[in-house]
Amino acid sequence: MRTHFFDKKSKDSTNHPWVALLGNPNCGKTAIFNILSGLSQKVSNYPGITVEKKIGTVKFGKKSFNILDLPGTYSLSAESFDEQIVSDQVQNWAKGENPPAAIISVVDASNLSRNLYLTSQLLDLDIPVVVALNMIDRIDSQAQIDQNSLKTQLSVAAVVSLSAKLNQGLDDLKEAIVTVINSEEKTNHQSNWISLPVQNELKPFIDQQFVSSKFGVAHALRLVSRNINHNGNAAQVDSIRNSISNLGFNPQTLEATLRYRWIDEIVKSVQSRAKTSIRTISRSEQWDKILTHRWFGPIIFVTVLYFIFQSIFTWATIPMDWIQTGIDWVSAFVLKNMFPGMLRDVLVEGIIGGVGAIVIFLPQILILSFFLTIMEDTGYMARVAFMLDKSMTKMGLHGKSILPLMSGYACAIPGIMSTRTIDSWKERLITILILPLMSCSARLPVYTLLISAFIPPITLSGYLNLQGLTLVVMYFLGTATALILAKVFSKFIKEKTSSSFVLELPPYHVPIPRSVLRHVLIRGKLFLINAGKIIMAISIVLWFLASFPKVDQSITDVNPIHYSYAGKIGHAIEPVIRPLGFDWKIGIGLLTSFAAREVMVSTMATIYNVEATGDNIVNLREAMRSDVDVKTGMPVYTPLVALALMVFYVFAAQCMATFAIVRQETNSWKWPLFMIAYLTILAYLGALFVYQGGLLLGFS
Amino acid sequence: MTLIDLNPGETATINGISGNSYLLNRLVELGLLAGTEVRMVKQTPFNGPVEIKIRNSYLTIRWNDARQVDIVV
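Chains as they are written, first to last, in our numbering: chain A, 89 to 788; chain B, 18 to 90.
The set of hints was computed from the structure by calculation and includes no laboratory data.
Predicted model, so just to flag it, every value in this text is computed and none were measured.
Every residue gets a Cβ at the ideal spot worked out from N, C-alpha and C, and that includes glycine.
Heads up, a few of these hints could be off.
Claimed, not checked - Computed, partial: chain A to chain B, Cβ under 10 Å:
(1) E167
(2) D196
(3) N199
(4) R310
(5) T368
(6) I369
(7) D511
(8) L591
Claimed, not checked - Every beta carbon over 12 Å from chain B, so not counted as near; a handful from chain A, in silico:
(9) K150
(10) S152
(11) D260
(12) N276
(13) N334
(14) L393
(15) P428
(16) I462
(17) T536
(18) L548
(19) L552
(20) G556
(21) P599
(22) G620
(23) K656
(24) T720
I would like the entire structure built from these sequences, with the hints used as guidance.
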């Protein structure tokens with residue numbers, strides 16, 4: 089798979105030279121990117137692109153350059169999808185395909201040797217490298233680094249020490265980059281770390297397309313040492329491995345051994361006064377005595393979870409009320425100031441009603457992604473993965489599944505994209521498959537509407553609110569089903585994989601407010617743009633289907649929507665959903681929900697607005713409650729129907745954007761189709777069970 | 018002896034890693050090479066992952082993988 093970061097269309101600042109930002113996970117790379125690029129940052133994102141590419145423009149004096157942020161990686165031999173992106177990119181540069189003018193290699197100054205491993209691999213490219221020694225504020229006076237000596241020994245263009253947290257040294261970095269970009273000097277990093285006999289053995293695997301022969305040799309060694317599919321070359325790979333072994337080297341550890349030997353020498357000489365010992369107990373380790381304690385750890389995590397969900401369902405209601413007031417005001421304003429007619433109808437009933445129903449749960453998305461970003465940036469999320477790995481593995485998942493699954497409560501799409509850090513394909517696939525069962529915020533408006541309309545606000549045994557309890561049950565139902573199915577899938581899915589869990593527990597950090605804020609705002613923006621586009625289009629189409637053909641009101645007293653296109657479609661599918669207790673109006677809602685779940689609410693709003701002939705936007709809750717079957721005179725919607733409908737929404741395969749992203753991430757139609765099939769069956773049976781079971785028990 | 022034989026707080030030197038090449042690759046890149054010192058930081062119940070300190074970082078690896086890491090005390 090080739091991913092092209094700079095396709096023709098996105099080259100809006102074409103004339104600027106560009107630099108690439110690379111580094112280990114947790115080295116503070118993204119914070120540096122956020123601060124350097126400021127507001128110029130552009131994120132191209134889902135749907136449509138598999139790779140989240142972040143490009144920014146940096147100005148320094150009269151010069152400016154573009155900067156590209158790549159995912160964090162420990163090395164160029166890729167294991168996870170994220171690392172594959174980096175390794176593919178670097179290989180393209182090595183072949184001379186649009187290489188950067190310079191590479192910024194971000195290095196965590198408090199963990200020099202491990203971080204310099206990637207730097208040493210990048211040196212092979214013979215592209216100028218600027219080493220950014222980040223987190224310089226974390227190292228004590230004894231561990232001071234001799235920067236000049238480091239620069240000479242690595243033979244890099246510059247070494248700049250900085251602290252993204254304290255906003256120090258970033259101008260020095262910019263200056264160093266500008267100097268390097270404008271330098272005419274040829275780059276030729278010294279590195280003869282692989283002995284000639286070994287190089288000769290590797291010859292058959294050295295790709296002549298690589299501009300730098302050093303990179304060619306290193307790449308060949310990485311290819312030979314890994315147990316990947318060697319496509320018919322397996323015998324040759326074996327014989328090369330044997331010859332290297334006969335020379336006295338272990339081919340599988342050769343690269344790491346030689347590089348670390350070189351790095352360890354350098355680190356020893358530039359940090360001569362450092363007294364590092366693995367016996368030193370860091371401050372983070374002290375914290376972890378409690379935070380990942382075998383009993384306290386899980387208790388603290390559950391408390392954190394409780395706090396997050398509490399805030400989503402209580403704090404969020406305040407800004408949500410403001411938004412509702414705003415929407416009501418806008419539609420009243422339009423109603424008052426526009427001439428009655430088709431344009432006003434489509435604006436008020438279609439667009440404002442439809443889009444308004446979506447904008448309202450933006451606060452919940454923002455709050456959830458705020459907490460997830462904090463958990464990730466502080467380093468706590470890695471601890472959660474560590475604590476939960478054992479139980480997750482028992483259920484067929486992976487410790488790193490926890491972040492995607494939690495993101496799934498906001499939206500399945502960023503959740504699916506964040507599964508890329510799971511370095512085992514089978515566990516990653518299972519996480520993707522069950523993700524739609526985590527009740528995303530798009531389902532919240534559906535639950536909220538139905539609960540407030542049909543579940544009585546009774547307080548059970550003193551403090552349990554029945555409405556709140558119903559909501560919790562819906563979330564629990566989805567999550568529990570997800571975990572059970574994960575176990576089931578892991579028994580049936582036979583994907584070749586080597587599962588492992590190697591995770592660094594980074595030192596705890598105080599998150600950088602600017603960086604967090606920017607991340608949360610980008611999430612919100614993407615949600616609005618993506619959801620907004622689909623919903624606006626569907627609202628307009630739906631309004632049209634529900635309003636035409638027009639009937640003469642004088643010849644019938646039945647509501648005109650019955651005769652509309654939408655009414656006809658709804659009536660046509662009614663027999664299929666009747667056993668679930670759903671009528672034709674819900675039928676229309678179910679169909680439009682396939683685009684996105686929240687459309688259900690706006691659909692009902694549109695239908696009832698159209699049905700109500702007056703000039704006021706009806707209160708949807710009241711309208712549904714008082715809707716009466718014309719023939720029987722009985723209410724159309726009962727608490728039982730509402731419950732069945734909610735269960736349907738817990739499971740149902742809705743949201744086209746999710747399936748589009750699954751198609752991309754699994755690179756096949758098989759898995760998205762499987763997902764739609766199993767979710768639809770689950771939804772139908774679930775709702776059938778609730779409705780028919782409820783009828784048998786004497787509920788109506 | 019392997020890593021799991023270490024009690025929390027005990028240190029040792031790595032002798033080598035057996036097991037599948039995926040794991041081997043990952044661990045050597047992170048610096049778990051023969052001759053490197055390692056300290057067991059934490060073990061979790063029911064043979065859950067272990068936390069170790071190596072070079073200047075804290076790593077967690079699964080119990081089964083830790084069993085593949087040969088050590089000398």
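Hint check results:
1. About 7 Å separates the beta-carbon of E167 of chain A from the nearest beta-carbon of chain B, less than 10 Å, and the hint is met.
2. Because the closest C-beta pair between D196 of chain A and chain B is about 9 Å apart, less than 10 Å, the hint holds.
3. Nearest Cβ of chain B to the Cβ of N199 of chain A: about 4 Å, under the 10 Å cut. The hint holds.
4. Checking R310 of chain A against chain B: minimum C-beta separation of about 9 Å stays under 10 Å; hint holds.
5. Given the 10 Å rule on beta carbons, the hint for T368 of chain A holds: about 8 Å separates it from the nearest Cβ of chain B.
6. For I369 of chain A, the suggested interface contact is upheld, since its CB lies about 9 Å from the closest CB of chain B, less than 10 Å.
7. Restraint check, D511 of chain A versus chain B: the minimum CB separation of about 8 Å is within 10 Å; hint holds.
8. Because the smallest distance between the Cβ of L591 of chain A and any Cβ of chain B comes to about 5 Å, under 10 Å, the interface hint for this residue holds.
9. A cut-off of 12 Å between C-beta atoms confirms that K150 of chain A is not in contact with chain B; the least separation is 41 Å.
10. Against chain B, the non-interface label of S152 of chain A holds: every CB pair exceeds 12 Å, the least being about 36 Å.
11. Distance check on D260 of chain A: its Cβ is at least 24 Å (rounded) from any Cβ of chain B, clearing the 12 Å threshold; non-interface status holds.
12. No beta-carbon of chain B comes within 12 Å of the beta-carbon of N276 of chain A; the shortest separation is about 25 Å.
13. With a least beta-carbon separation of about 19 Å from chain B, N334 of chain A lies farther than 12 Å from that chain, consistent with its non-interface assignment.
14. At roughly 19 Å from the closest C-beta of chain B, the C-beta of L393 of chain A stays outside 12 Å, upholding its exclusion from the interface.
15. Chain B leaves P428 of chain A outside its interface by the beta-carbon criterion, the shortest separation being 66 Å against a cut-off of 12 Å.
16. No beta-carbon of chain B is positioned within 12 Å of the beta-carbon of I462 of chain A; the least distance is around 20 Å.
17. No beta-carbon of chain B is positioned within 12 Å of the beta-carbon of T536 of chain A; the least distance is around 38 Å.
18. Non-interface call for L548 of chain A relative to chain B: holds, since the shortest CB-CB distance, roughly 36 Å, exceeds 12 Å.
19. Residue placement check: L552 of chain A keeps its beta carbon more than 12 Å from all beta carbons of chain B (closest about 32 Å).
20. With a closest Cβ-Cβ approach of about 34 Å to chain B, G556 of chain A is found to remain outside the 12 Å limit, as its non-interface label requires.
21. For P599 of chain A, the requirement that its beta carbon stay farther than 12 Å from each beta carbon of chain B is met, with the minimum near 19 Å.
22. Annotated as non-interface, G620 of chain A keeps its C-beta farther than 12 Å from every C-beta of chain B; the closest such distance is 41 Å.
23. Every Cβ of chain B is farther than 12 Å from the Cβ of K656 of chain A; the closest lies at roughly 57 Å, confirming the non-interface assignment.
24. No beta-carbon of chain B comes within 12 Å of the beta-carbon of T720 of chain A; the shortest separation is about 58 Å.
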